[in-house]
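Chemist: Given next are the chains, with one letter for each unit.
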Amino acid sequence: MLNKLPEQPASTTEALSPAAFLQAKAAWRWPEILFWISAFGLILLLPNRHLLLNEIAILGLFALSLDLILGYAGIVSLGHAAFFGVGAYAAGLLSKHGISEPVTGLVLSGAIAGLTGFLASFMILRGSDLTRLMVTLGVALILHELANRLDWITGGADGLLGVTIGPIFGRFDFDFAGTTAYVYSLTTTFLLFLLARHVVQSPFGLSLKALKDNRLRASTIGIAPNRRLIAIYTLAAVYAGMAGALLTQTTQFVSLEVLDFARSADALLVLVIGGSGYLYGGLIGAVAFKLMKDVLSAMTPAYWIFWMGFILVILVLIGRDRLMAMLAKPFVPLLRLLGVRRP
Amino acid sequence: MTFALETTGLSKSFGGFEANADVSLSVAKGARHALIGPNGAGKTTFINLLTGVLPPTSGSIRMMGEDVTRVSQQGRVRRGMARTYQINQLFADLSPIETISLAIAEREGSGARWWNRVGKDSAVIDESEALLRRMKLGAMMTRRTATLPYGKQRLLEIALAMACKPKLLLLDEPAAGVPEDERHDVLDSVEALPDDVTVLLIEHDMELVFSFADKISVLVQGALYAEGSVEEISTDPHVKAVYLGEDTHV
Amino acid sequence: MLTILFDGIAYGMLLFVLAAGLAVTLGLMNFVNLAHGAFAMAGGYATVVLMNRFGVPFLACLPLAFLFSAALGFIAERTLYRHMYERSHLDQVLFSIGLVFMAIAATDYLMGSQQQNIRLPAWLQGRIAMGDVTIGLYRLFIVVVCGLMALGLQWVLAKTRFGSQLRAAVDDRRVARGLGIPVVKVFAITFAFGSGLAGLGGALGAEIVGLDPTFPLKFMLYFLIVVTVGGTSSLTGPLLAALLLGVADVMGKYLVPQLGAFIIYAMMLAVLMIRPQGLFARGR
Chain A
1 MLNKLPEQPA
11 STTEALSPAA
21 FLQAKAAWRW
31 PEILFWISAF
41 GLILLLPNRH
51 LLLNEIAILG
61 LFALSLDLIL
71 GYAGIVSLGH
81 AAFFGVGAYA
91 AGLLSKHGIS
101 EPVTGLVLSG
111 AIAGLTGFLA
121 SFMILRGSDL
131 TRLMVTLGVA
141 LILHELANRL
151 DWITGGADGL
161 LGVTIGPIFG
171 RFDFDFAGTT
181 AYVYSLTTTF
191 LLFLLARHVV
201 QSPFGLSLKA
211 LKDNRLRAST
221 IGIAPNRRLI
231 AIYTLAAVYA
241 GMAGALLTQT
251 TQFVSLEVLD
261 FARSADALLV
271 LVIGGSGYLY
281 GGLIGAVAFK
291 LMKDVLSAMT
301 PAYWIFWMGF
311 ILVILVLIGR
321 DRLMAMLAKP
331 FVPLLRLLGV
341 RRP
Chain B
1 MTFALETTGL
11 SKSFGGFEAN
21 ADVSLSVAKG
31 ARHALIGPNG
41 AGKTTFINLL
51 TGVLPPTSGS
61 IRMMGEDVTR
71 VSQQGRVRRG
81 MARTYQINQL
91 FADLSPIETI
101 SLAIAEREGS
111 GARWWNRVGK
121 DSAVIDESEA
131 LLRRMKLGAM
141 MTRRTATLPY
151 GKQRLLEIAL
161 AMACKPKLLL
171 LDEPAAGVPE
181 DERHDVLDSV
191 EALPDDVTVL
201 LIEHDMELVF
211 SFADKISVLV
221 QGALYAEGSV
231 EEISTDPHVK
241 AVYLGEDTHV
Chain C
1 MLTILFDGIA
11 YGMLLFVLAA
21 GLAVTLGLMN
31 FVNLAHGAFA
41 MAGGYATVVL
51 MNRFGVPFLA
61 CLPLAFLFSA
71 ALGFIAERTL
81 YRHMYERSHL
91 DQVLFSIGLV
101 FMAIAATDYL
111 MGSQQQNIRL
121 PAWLQGRIAM
131 GDVTIGLYRL
141 FIVVVCGLMA
151 LGLQWVLAKT
161 RFGSQLRAAV
171 DDRRVARGLG
181 IPVVKVFAIT
191 FAFGSGLAGL
201 GGALGAEIVG
211 LDPTFPLKFM
221 LYFLIVVTVG
231 GTSSLTGPLL
241 AALLLGVADV
251 MGKYLVPQLG
261 AFIIYAMMLA
271 VLMIRPQGLF
281 ARGR
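Going line by line, the protein sequences match chains A, B and C. Per my numbering, the very first residue in the first sequence carries number 1; after that it's consecutive. Per my numbering, the very first residue in the second sequence carries number 1; after that it's consecutive. Per my numbering, the very first residue in the third sequence carries number 1; after that it's consecutive.
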């Protein structure tokens, strides 16, 4: 189904009936289709960059997961790596203890991360932005500390060794060029994206937007915020956990890094670059982030972190919108078609 | 006789300050009841107690005969209580059609559905559309709410409350701040509210109160000061002294 | 046992001085500055450089560290932070995390990534015995200095003209401006002073908590705990929270070392869940 939106939505949409308007809003636009075609096309077009592309797909999925809670529910998290890490360790431990089929491992890891997210979600229901900030950070720190201390299970600071991953569905082996890895990660990301796209366009997704927009009024029309927040937080944790599991399975290694603060910050930066609240921000941001990291790390190997900070400061100070408008003037119509309302 | 709304000895104090003291108010079913009072009389606190935003220090609230003092905000909405806000509380990023269908879906218990798209449920959309047309918002159903003219936003405020199909509607200064040329739209919509909805109007605007209400209660310094028909209140010398006298210039 | 308690108190006092500036910017001005630790680190490194390269005595380094960090804070406030006051919390968080990363990398570049040491003067080394309790002289010194700072701070906020100007400016910027209070200046001075205090804390703490480029990140949560657990209505709350945190952390590490930092994190989560407004905040 391919519906082209009129060029000037503000003046012409009034002519649309409400049902048609809502349908047009949810319809696939051609830049979206183009985006996914190119993502899959890169399997053939860039055969020797599959390892990097695999990393991008995983980071994109992780950032998408953060977007679900930040962009759609307005929850600021400083510790989203917690769920990424749980998924990563879960996948590693599952493979070590006999479940080496990747897809089974992926689903189970996502479920374990989701359970963690479900439990953690009860702590973010009360309080202000600041308390949420600290709770999310605190949960990630506790898990980091746990992974560090329980070294007989996790390998502690040395990382989890001996992760061996079997072929996907018993048929497709992981290769050194990363081709299987990229196809696997991209497909997973795509399927989860489809689900996310479906969810944010549902009545449930609409009620989340309403909660983020005006929690007071949402409560007065009978929306009980807590259940909705628990649900989306749990879903986001599943996504993050699957991203972590993908990393473990495609690199056959887990270290404490998966729970690092820097990983949570990465995801935030990706969303700052790509924009939040329209689902593609995480994916586009991940591409830009990885490319920048590649270039800047090559220039000043030890000080990537400086540039990361610099980009954050500049983007926030000038304002992402204004900076993007300057940089991406030619792409504005494209972004608008992708669903960015104020590019 | 059961009342649509009945408060008994309702009090709320913040620290040492009594915002509401021993307010016993009964609103008959289907009534057009107005609650007036000078600034700082405790009207906002009272509405917050009624809707469950604040717990009362003492006293009880009954709605359609049922004690709802301990019922949550959402529980009261489900039992048929809806309110509007003095200062617009709308969803700036959503369109009116989304706003209203959100409330209707919530009322029908389908608001948490994640497996189908907004707009798939044609019963919800049709009802939203009809309501918006009735509220003179038909021409701008698909615009971003933040871009609507102020008077239209006030109408959406009322439409959103009506979307909850309330038995009891609390209107908090519906005409506040509306420019003169859009004012009659708002007044008309308030007049045209269905008869089976009980309305408690909290208002500053005497013209609106006198034309709309069949009964008026006056709140002064947190306590009920007088109660009666429009005639009685508008001629009561005491009310004039504490309230109308100082406020007629508004 | 009492020795451990005293160590905890000293640690807590130190945390208070480190976080006091944040208590004001975050607590009163409602500005989320995760980069507060960077100013503390700057004070610590200033002390290291002054002592090791220029042979400045330790006592003289302390006020210099204060001034250095205060100057940095002042410059940062004037050029960067003042644009962020009106922004959303998310923007403030992202912005200040960015600063943290830049500070870490810059320090690493300038000073190297190794742990820095300072040599305390002889008269601050050693311990004295008071009955059964032996107390490290340096710990005692910290308690005295930080105690004086806490008292001074309370006095400035509660009793001086500047304190009342600050409180007015925080309450309502426009009204304060209307009353002729130089709001911009008051905020800048407050920010600089808070950064200076952090710098002093960094200088005092280098010996106890260590100093390396990741300092701002490592202690970010500790500072936030002091402020949020303490509540944001006064300085007494953060002081009590800092003492509690210091004692709990030190005791925990002595008594049940295998639990590590769990005690602190678990305590924080518990407090935030039960009292989101802070442990010592007045109920609203």
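None of these hints come from the bench; they were simulated from the model. The beta carbon of each residue, even a glycine, is placed where N, CA and C say it ideally should be. Please note that a few of the clues may not be correct.
[What the hints assert, rightly or not] Listed next, the in silico SDA-like pairs over lysine to any residue satisfying Cα-Cα at most 25 Å (straight line):
| # | chain 1 | residue 1 | chain 2 | residue 2 |
| --- | --- | --- | --- | --- |
| 1 | A | Lys-212 | B | Tyr-150 |
| 2 | B | Lys-120 | A | Gly-222 |
| 3 | C | Lys-185 | C | Glu-86 |
| 4 | B | Lys-120 | A | Gln-23 |
| 5 | C | Lys-218 | A | Trp-307 |
[Claimed, not checked] Taking CB as the label site, the calculated pair distances span:
| # | chain 1 | residue 1 | chain 2 | residue 2 | range |
| --- | --- | --- | --- | --- | --- |
| 6 | C | Gln-115 | A | Ala-262 | 16 to 24 Å |
| 7 | C | His-89 | B | Gly-138 | 37 to 45 Å |
| 8 | C | Met-273 | A | Trp-28 | 39 to 47 Å |
| 9 | C | His-89 | A | Glu-257 | 21 to 29 Å |
| 10 | C | Arg-174 | B | Ala-112 | 40 to 48 Å |
| 11 | C | Ala-71 | B | Phe-17 | 15 to 23 Å |
Chemist: Which numbered hints does this structure break?
Modeler: 11
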